[in-house]
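I would like the entire structure built from these sequences, with the hints used as guidance.
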Amino acid sequence: MHRMSDNETNGINKHQPLSPAVFAILLALAGGEKHGYAIMKEAAEPAGGAIKLGPGTLYGTIDRMIRDQLVEETGYTDDARRRYYRITSLGHRVFSAEFSRIGNIVRAPRHNALPKGARA
Amino acid sequence: MKPPNPILFALYRSFLRLYPWRLRLLYQDQLLQTARDAHADSTSSIHFWPSLFADLLKSAVKEHLFMIRDQVIARPIFFHALTIGLILTLMGGSAAATFQQMLRRGANQPQIQMAESYSAEIASGVKPEEAIPRNNVDLERSLEPFAIFYDDQGTPTTANGYLNQSIPSPPRGVFKYLRSHDTDTVTWQPQPNVRIAAVIHRVAGPNPGFLLAGRSLRLVEEQESLFSRMVFLGWFTLVFLLIAGAALLHRFQRRNRALA
Chain A
3 MHRMSDNETN GINKHQPLSP AVFAILLALA GGEKHGYAIM KEAAEPAGGA IKLGPGTLYG
63 TIDRMIRDQL VEETGYTDDA RRRYYRITSL GHRVFSAEFS RIGNIVRAPR HNALPKGARA
Chain B
11 MKPPNPILFA LYRSFLRLYP WRLRLLYQDQ LLQTARDAHA DSTSSIHFWP SLFADLLKSA
71 VKEHLFMIRD QVIARPIFFH ALTIGLILTL MGGSAAATFQ QMLRRGANQP QIQMAESYSA
131 EIASGVKPEE AIPRNNVDLE RSLEPFAIFY DDQGTPTTAN GYLNQSIPSP PRGVFKYLRS
191 HDTDTVTWQP QPNVRIAAVI HRVAGPNPGF LLAGRSLRLV EEQESLFSRM VFLGWFTLVF
251 LLIAGAALLH RFQRRNRALA
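Protein sequences appear in the order of chains A and B. Take any residue in the first sequence, note its place counting from 1, add 2, and you have its number in the numbering used here. Take any residue in the second sequence, note its place counting from 1, add 10, and you have its number in the numbering used here.
Since the hints were derived computationally from the structure, they do not count as laboratory data. Everything numeric in this text was worked out from a predicted model, so none of it was measured. Even glycine gets a Cβ: it sits at the ideal position worked out from N, Cα and C. Mixed in with the good hints there might be a few duds.
Pair by pair, the computed Cβ-Cβ distance ranges are [stated by the list, open to error]:
1. A:Tyr78 / B:Ala270: 16 to 24 Å
2. A:Ser21 / B:Leu36: 55 to 63 Å
3. B:Leu21 / A:Ala82: 20 to 28 Å
4. B:Arg34 / A:Arg112: 40 to 48 Å
5. B:Gly103 / A:Arg112: 50 to 58 Å
6. B:Ala268 / A:Ser91: 48 to 56 Å
7. B:Met112 / A:Arg69: 46 to 54 Å
8. B:Gly102 / A:Gly33: 40 to 48 Å
9. A:Ser91 / B:Arg261: 31 to 39 Å
10. B:Ser24 / A:Ile107: 39 to 47 Å
Not close to chain A: a few residues of chain B, all C-beta gaps over 10 Å, as computed [claimed, not checked]:
11. Thr44
12. Ser69
13. Arg85
14. Pro86
15. Leu100
16. Gly103
17. Ile122
18. Asp194
19. Leu251
20. Ala254
21. Arg265
The calculated lysine-lysine pairs, modelled on DSS-like cross-linking and capped at a C-alpha distance of 27 Å, are [claimed, not checked]:
22. A:Lys36 / B:Lys12
23. B:Lys137 / B:Lys186
24. B:Lys68 / A:Lys16
25. A:Lys54 / B:Lys186
26. A:Lys36 / A:Lys54
27. A:Lys54 / B:Lys72
Here it is as structure tokens:
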């Protein structure tokens with residue numbers, strides 16, 4: 003079993019909590035490499051986070067994620083105007099950590115604290 | 011695939027200039043292609059275009075802010091220089107504005123004294139032609155103060171200030187204002203290139219009317235203009251020295267880091 007070093011843990015922690023846009027992009031790319039519009043479409047789906055990303059927001063966020071080494075270009079393209087992106091191993095770890103963090107929040111027993119009308 | 015409206019698409023393409031230059035260079039083609047794809051799948055153009063432009067504007071602002079933040083982190087010296095420059099600009103700007111206000115207010119002297127004195131005399135029964143001195147001031151050339159008395163209808167009756175051999179009158183609105191307020195201080199431009207610092211009093215008593223005391227603003231405006239040029243030169247030199255100093259320090263620090 004791989005045990006994370008302190009450096010690795012710090013590297014992951016500095017990205018948390020993820021912004022909704024970053025989380026939706028990682029979620030979309032966790033299912034395989036995609037081009038910008040495919041990411042946008044998947045993020046807009048309820049299962050993808052229901053995040054409406056416009057092209058401006060999408061590519062600005064992708065640019066920062068490339069710099070943070072969370073995603074990378076695959077180099078594959080079926081059209082010069084459509085480039086494909088994939089999640090990196092650091093991106094995977096950050097995404098898993100965020101997923102667990104949200105999972106812990108959702109699973110925590112706090113029936114009394116839930117707002118009226120919310121479903122546990 | 012339904013093609014997007016060519017005019018709106020061209021507008022979107024030109025609006026991409028709002029995006030930071032580096033991002034535009036890297037992602038322009040992808041941005042346009044994604045917009046085309048999204049348009050092809052959209053069900054309503056009425057909603058599609060506004061949301062596309064709103065996203066572009068929002069993200070352009072956001073990306074510029076991110077860019078500034080990144081530059082600040084990468085070059086803290088420039089950030090400090092910028093902060094110092096901003097503080098000095100604000101301080102210098104307020105001092106310059108205060109000084110200009112003082113100059114302009116100073117230009118109302120001795121008119122305030124003249125207007126008070128002449129209007130009090132006229133209100134006590136002295137005829138305007140006896141209260142106002144008999145010298146002749148050319149408003150276009152002279153820097154001397156002058157006085158004009160207007161009757162209750164705003165018609166000039168007595169004056170020692172003339173412009174093109176006639177007595178000028180301020181806009182009617184000035185008299186209207188004075189009927190409800192006893193005094194007013196205005197910058198009056200009876201003709202281009204002639205600007206007057208005027209103090210006007212409402213006069214009651216046996217000779218009701220308005221007493222205007224004025225003086226050319228030429229000298230004050232020349233001083234203001236000279237002062238503005240000096241302030242700009244000082245500010246420019248200061249900013250230049252700050253930027254040059256920050257650049258030198260940045261270079262020095264980088265060389266030291268490289269040697270270490």
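Exercise for the section: Taking the numbered hints from earlier one at a time, note which ones the structure violates and give those numbers from smallest to largest. Expected result: Result: hints 1, 2, 6, 8, 11, 12 and 25 break, sorted rising.
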